[in-house]
Amino acid sequence: MSPRASITRQVLSVTAVVPTCHRTGPLLRALRSIGAQTVAPTQIIVVDDAGGRDADAVRHAVLGSGVQATVVTNSGAKGPSGARNTGARISGTDLLAFLDDDDEWLPAYLASALEHFESQALDVICTDLVYRHDDGTERLGKRAPDRLATELFLTRNPGLIGSNLIVRRSLFQDVGGFDESIPVAEDMDFGIRLSRHGTVRYQPLRERLVRHYQHGGPRLCTPRTAPVCAGIRRFYELHAPHMTEAQRAEFRSTVGRLWGIDERGNLIPAPEPPPAP
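Just so you know, we're using the numbering used here here: the sequence shown kicks off at 1 and counts up by one.
Below, a list of computed lysine to aspartate or glutamate pairs in the EDC-like style, where the Cα atoms sit at most 16 Å apart:
(1) K142 to E207
(2) K142 to D128
(3) K78 to E180
(4) K78 to D54
Computed beta-carbon distance windows for the label pairs:
(5) E151 to V175: 15 to 21 Å
(6) A270 to V72: 38 to 44 Å
(7) A249 to S170: 36 to 42 Å
In short, the hints are calculated from the structure, not lab data. Quick reminder that beta carbons are idealized off the backbone N, C-alpha and C, glycines included.
Construct the entire structure; sequences and hints are all you get.
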């Protein structure tokens, strides 16, 4: 960790949980972004979702990043939900801050989020996003949701992702963590369950402090792949009974446009290319 970060203290303790799978190059970048925080996390846990096959490469990335992190193997279902839950189970801090291995926190992320957490006595916080593309260009990403309401999460993701979410560990445990039966759209499902969990003190942080990479490399949410099909199918099984007909139609349109499947995870024909002039 940087000298500036290592001597900074905060009232609330926080664990950075970083799931990773076959992406040790981006992992190094993500860990360096943790090391560059103006307020250091109390603990860093890297969860290897590759079943130990990347163990040496993951340890090398941790050493190269300069941070002190505990590396563990995912003990849950394969995928981001199982990996995040594994990190949460062995954490002993007040808060959990998740960071996907292909994203970055900007240096003021934890400092701003923790100050907001403490001053407002919150349970959950999300920040706005910056999107970074393969060519190095950036654009404004999604804003964090204004509130936690079920209808916001039923048909699309309103801006709660793994990398911009900080939650009290006790609340995370109460809602059962991430659903490990959902390979993708697990963040939408988590938002729904948060919204239904009595009184949850939530506020968005209107600062763009998380860089979310829109890259062409391996991603779990690659369109028309088995994880996407399985995740959308499971999400729809769980939440279709709570959707209106209009919401079902919107969900069907959204997943067709983004992932080339229908609401039950079946592939739909790819659009025909336009005729040559």
